[in-house]
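2 protein chains.
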Amino acid sequence: MAKELKELANREDNYSQWYNDLVVKAGLAEYSAVRGCMVIKPYGYALWENMRDALDRMFKATGHENAYFPLFIPKSFFSKEASHVEGFAKECAVVTHYRLMNDPEGGGVVVDPDAKLEEELIVRPTSETIIWNTYKGWIQSYRDLPILVNQWANVVRWEMRTRLFLRTAEFLWQEGHTAHETRDEAVAETERMIGVYRDFAEGWMGVPVVVGRKSENERFAGAEETLTIEALMQDGKALQSGTSHFLGQNFAKAFDVQFTNRENALDYVWATSWGVSTRLIGALIMAHSDNNGLVLPPRLAPLHAVLIPIYKGADEYAAAVARLGELAAELRAKGLKVKIDDRDNVRSGFKFAEYELKGVPVRLALGPRDMAAGTIELARRDTLSKEVVPQEGLADRVSALMSEMQTAIFERARAYRDSHITRVDTWDEFVRTLDEKGGFVAAHWDGTVATELAIKEATKATIRCIPLDGPDAPAGLGADEQGTCVFSGKPSSRRALFARSY
Amino acid sequence: MAKELKELANREDNYSQWYNDLVVKAGLAEYSAVRGCMVIKPYGYALWENMRDALDRMFKATGHENAYFPLFIPKSFFSKEASHVEGFAKECAVVTHYRLMNDPEGGGVVVDPDAKLEEELIVRPTSETIIWNTYKGWIQSYRDLPILVNQWANVVRWEMRTRLFLRTAEFLWQEGHTAHETRDEAVAETERMIGVYRDFAEGWMGVPVVVGRKSENERFAGAEETLTIEALMQDGKALQSGTSHFLGQNFAKAFDVQFTNRENALDYVWATSWGVSTRLIGALIMAHSDNNGLVLPPRLAPLHAVLIPIYKGADEYAAAVARLGELAAELRAKGLKVKIDDRDNVRSGFKFAEYELKGVPVRLALGPRDMAAGTIELARRDTLSKEVVPQEGLADRVSALMSEMQTAIFERARAYRDSHITRVDTWDEFVRTLDEKGGFVAAHWDGTVATELAIKEATKATIRCIPLDGPDAPAGLGADEQGTCVFSGKPSSRRALFARSY
Numbered sequence: 001m002a003k004e005l006k007e008l009a010n011r012e013d014n015y016s017q018w019y020n021d022l023v024v025k026a027g028l029a030e031y032s033a034v035r036g037c038m039v040i041k042p043y044g045y046a047l048w049e050n051m052r053d054a055l056d057r058m059f060k061a062t063g064h065e066n067a068y069f070p071l072f073i074p075k076s077f078f079s080k081e082a083s084h085v086e087g088f089a090k091e092c093a094v095v096t097h098y099r100l101m102n103d104p105e106g107g108g109v110v111v112d113p114d115a116k117l118e119e120e121l122i123v124r125p126t127s128e129t130i131i132w133n134t135y136k137g138w139i140q141s142y143r144d145l146p147i148l149v150n151q152w153a154n155v156v157r158w159e160m161r162t163r164l165f166l167r168t169a170e171f172l173w174q175e176g177h178t179a180h181e182t183r184d185e186a187v188a189e190t191e192r193m194i195g196v197y198r199d200f201a202e203g204w205m206g207v208p209v210v211v212g213r214k215s216e217n218e219r220f221a222g223a224e225e226t227l228t229i230e231a232l233m234q235d236g237k238a239l240q241s242g243t244s245h246f247l248g249q250n251f252a253k254a255f256d257v258q259f260t261n262r263e264n265a266l267d268y269v270w271a272t273s274w275g276v277s278t279r280l281i282g283a284l285i286m287a288h289s290d291n292n293g294l295v296l297p298p299r300l301a302p303l304h305a306v307l308i309p310i311y312k313g314a315d316e317y318a319a320a321v322a323r324l325g326e327l328a329a330e331l332r333a334k335g336l337k338v339k340i341d342d343r344d345n346v347r348s349g350f351k352f353a354e355y356e357l358k359g360v361p362v363r364l365a366l367g368p369r370d371m372a373a374g375t376i377e378l379a380r381r382d383t384l385s386k387e388v389v390p391q392e393g394l395a396d397r398v399s400a401l402m403s404e405m406q407t408a409i410f411e412r413a414r415a416y417r418d419s420h421i422t423r424v425d426t427w428d429e430f431v432r433t434l435d436e437k438g439g440f441v442a443a444h445w446d447g448t449v450a451t452e453l454a455i456k457e458a459t460k461a462t463i464r465c466i467p468l469d470g471p472d473a474p475a476g477l478g479a480d481e482q483g484t485c486v487f488s489g490k491p492s493s494r495r496a497l498f499a500r501s502y
Numbered sequence: 001m002a003k004e005l006k007e008l009a010n011r012e013d014n015y016s017q018w019y020n021d022l023v024v025k026a027g028l029a030e031y032s033a034v035r036g037c038m039v040i041k042p043y044g045y046a047l048w049e050n051m052r053d054a055l056d057r058m059f060k061a062t063g064h065e066n067a068y069f070p071l072f073i074p075k076s077f078f079s080k081e082a083s084h085v086e087g088f089a090k091e092c093a094v095v096t097h098y099r100l101m102n103d104p105e106g107g108g109v110v111v112d113p114d115a116k117l118e119e120e121l122i123v124r125p126t127s128e129t130i131i132w133n134t135y136k137g138w139i140q141s142y143r144d145l146p147i148l149v150n151q152w153a154n155v156v157r158w159e160m161r162t163r164l165f166l167r168t169a170e171f172l173w174q175e176g177h178t179a180h181e182t183r184d185e186a187v188a189e190t191e192r193m194i195g196v197y198r199d200f201a202e203g204w205m206g207v208p209v210v211v212g213r214k215s216e217n218e219r220f221a222g223a224e225e226t227l228t229i230e231a232l233m234q235d236g237k238a239l240q241s242g243t244s245h246f247l248g249q250n251f252a253k254a255f256d257v258q259f260t261n262r263e264n265a266l267d268y269v270w271a272t273s274w275g276v277s278t279r280l281i282g283a284l285i286m287a288h289s290d291n292n293g294l295v296l297p298p299r300l301a302p303l304h305a306v307l308i309p310i311y312k313g314a315d316e317y318a319a320a321v322a323r324l325g326e327l328a329a330e331l332r333a334k335g336l337k338v339k340i341d342d343r344d345n346v347r348s349g350f351k352f353a354e355y356e357l358k359g360v361p362v363r364l365a366l367g368p369r370d371m372a373a374g375t376i377e378l379a380r381r382d383t384l385s386k387e388v389v390p391q392e393g394l395a396d397r398v399s400a401l402m403s404e405m406q407t408a409i410f411e412r413a414r415a416y417r418d419s420h421i422t423r424v425d426t427w428d429e430f431v432r433t434l435d436e437k438g439g440f441v442a443a444h445w446d447g448t449v450a451t452e453l454a455i456k457e458a459t460k461a462t463i464r465c466i467p468l469d470g471p472d473a474p475a476g477l478g479a480d481e482q483g484t485c486v487f488s489g490k491p492s493s494r495r496a497l498f499a500r501s502y
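Protein chains in written order, with the numbering used here: chain A, 1 to 502; chain B, 1 to 502.
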């Protein structure tokens, strides 16, 4: 581990390599034998479980139930919604056969040519089609509405260039799919769920996000409107972290889902869908971590504190471990997840480095002098600061520190993010800001796809979102403002947020 | 719903149709547009969540961690373990292509012939191969052992004849995959986990099980020993409900996973795997339910009690609903999950039938006379008995009733099961018992595959297990006993448990 740790690339020199090293060496995930697919290792999965459980409680608190729909989708379903097929049915895993047989030539197993499916099945890249095909059987009347269903599932998109957590062929996610009587109710649901995502990102992950609308060009294939939360990573690139789509009546029309409304007339059902994925783990890592390893927000950390004995000889070892056992019990009684690392074949410096790499928020080291003085050394992962504190009241202190660190991690990320939103009014400034400073660039845009694509071609920056109205929008971006497009010079009534992104 | 309920087939006339009706009409699951794949509806999924969460706590309490491995397995992996390929690589979903394209003829989308995979990928039917290929990178020394990992995942086996929950092409399950230094440790793990499954089946599901070894013929493909829990359904058929496999060094050898042991020598790693699936939902339904619908054990029921107002006119309605709100709060304070059904467009008789169908353990109905007398009508789902009880102390009474019902449901199933284990000593008795009584038949068997297959051919009964030693074995089956095989007349030292099964 010490050797491996030394090999962690420097964040300032090679952000991308630093990220990959960190994910692998902290034991979060690794690539598998299947191209583009990852193995999520126990420590990474424990983090995902904490995220999933928190989100699941938020979904249930807003009235949603979980269900499960098939992994496979008949190929023809993708052709039913015209723009959806363009967006999703292309790079995907296609099941064509349902049986293998012994190779007549003796070379292991081969696909049985007689077991060809009549219609190919697609491994779901997203489930709107199979779900709306199912909802057709569930919905007859307005009394059957709303349907507020979420699914936790794996999905597959055949990505050519992959990166652990951020973009893999298979990933884990949740997808909410709701059905409503009215447009207004569906729009309200779309907004409610992007709000849930914002609250989760900021309150649990400690990652500040900008909430906004996607441009038409960046919209979900099949949506009338896509809302997004956009986060900023420490290299100045943006990361789309969650989306909520108002689907209008598009899928209801594609799958003929009509209902008898309160006026006793037939109408098509209104839909939303919304999702976040294991990509959030990537956001979490990239937003907070440093050259020593992960920095995890306490609310999601699989382990809150590690306790390490410092000793010479068997007697000091036994005394320190015994006392740590008592302290661990006090910490656990406060609901903290703690571990005593009593390995005696590993130096304590090695242990320190290991838990820094793994981002455990608090490290407690107890040596002979502490034993005598009734103190213990407390190290904070986020600031790397250390202090000697009394053992008395330790559990309360660590408990309070968890809230303090949760806030500090968020505030640090917010300060970085806020200092990396730059309002620019000329094309020259636009390009220079992207190249020299990075981050979000708030600029007037004429609202056309042509300009958006030309800007992307020239700078690799895309419109991350048009920030929503309201006091939550950073840097006063949530308001109309007259100006001229930085690229075309045409009039504009609102700034869009541009950035290079993952 | 009242109409639908009437259409529930009679359990005594057509068990199979009764089961299917029940699953669909209670809103647990339904078939999807994809052959053999089911949709697990919110009520069924809530049940699965409760089962999953209880099992997950038991796995963690026995030292296991969760992780996640790829959905896809390279075809060649299946050829590496000789018996595994025979058992699993045949009826499976095969991914051959990774892209669709617009049909040049204009007919929607078609598979892009240029996007053929070099090596086909199999949608996992079970994950031993991909996991042991991964463990190779995790294990160098005995210090890396044991690995105690579990995965919650979807798997696919291309079944021709499917039945909701019991046998579907895709299902949800957990698969534990552990790696050990020694044979003894791996054997102990295999036994520990079948014990966890027994405790879960009996303690949570209220389903009594026989724990035993599988015969060589019924063993998991690639295992040296398979332990099983076998449950008995109300139609006298057995259901394999969970298995735990001692895999020896088979997968370590197939994937070349060696470690440096404590003697500093290289050795192959010892393995186990164990799993239960959404099939358990089928076991639960079949073991307890009746012609009125589901009977759910309180420890797993998504809803413990439903509260229904009985009224004439708006005043009585308002008064009853208000009082039910107070009572519901008291019940919730005891940790009970309750719901007030205050729909005013549905008759109470309809509601009664609906919650009986859904197996809600307790129904509480509050009418004007109860309002005056301070009483409430309490109906128990398992016995269908009703009594009028005081509102005072209701929460304590319902709380206690949950434990009482949990025990009663288990004891009723156990009495049925125990009365359906028949010791027979002649072939004639064997056949007659299967045909006339059903259930488990405990008979001497000569231990050969030939006899086992001949018995199956003659009677459709298979060896469900050879019960393990110990006081837990029902009907004194956990002991050696000299006898002669009912089929061949050859000597036998132990009875095996035969049954027709799902």
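Incorrect hints may have been included.
Identical copies look the same in the list; a pair holds intra-copy or inter-copy alike.
The calculated BS3-like cross-link candidates involving lysine-lysine, where the alpha carbons are at most 25 Å apart (straight line), are [unchecked claim]:
1) LYS136 to LYS60
2) LYS60 to LYS237
3) LYS25 to LYS60
4) LYS116 to LYS90
5) LYS253 to LYS237
In short, the hints are calculated from the structure, not lab data.
Intra- versus inter-subunit Cα pairing at 25 Å for LYS136 with LYS60: Only inside one copy: LYS136 and LYS60 sit 24 Å apart there, 40 Å across copies, limit 25 Å.
What label fits LYS116 with LYS90 when the C-alpha limit is 25 Å: within, between, both, or neither? both (21 Å within a copy, 13 Å between copies)
I want to check one pair: LYS253 and LYS237. Are their C-alpha atoms no more than 25 Å apart within a copy, between two copies, both, or neither? neither (38 Å within a copy, 46 Å between copies)
Within, between, both or neither: LYS60, LYS237 at alpha-carbon 25 Å: neither (33 Å within a copy, 38 Å between copies)
Homomeric proximity label, LYS25 with LYS60: Cα distance no greater than 25 Å: between (35 Å within a copy, 24 Å between copies)
When the structure is compared with the earlier hints, violations turn up for hints 2, 5 and for no others.
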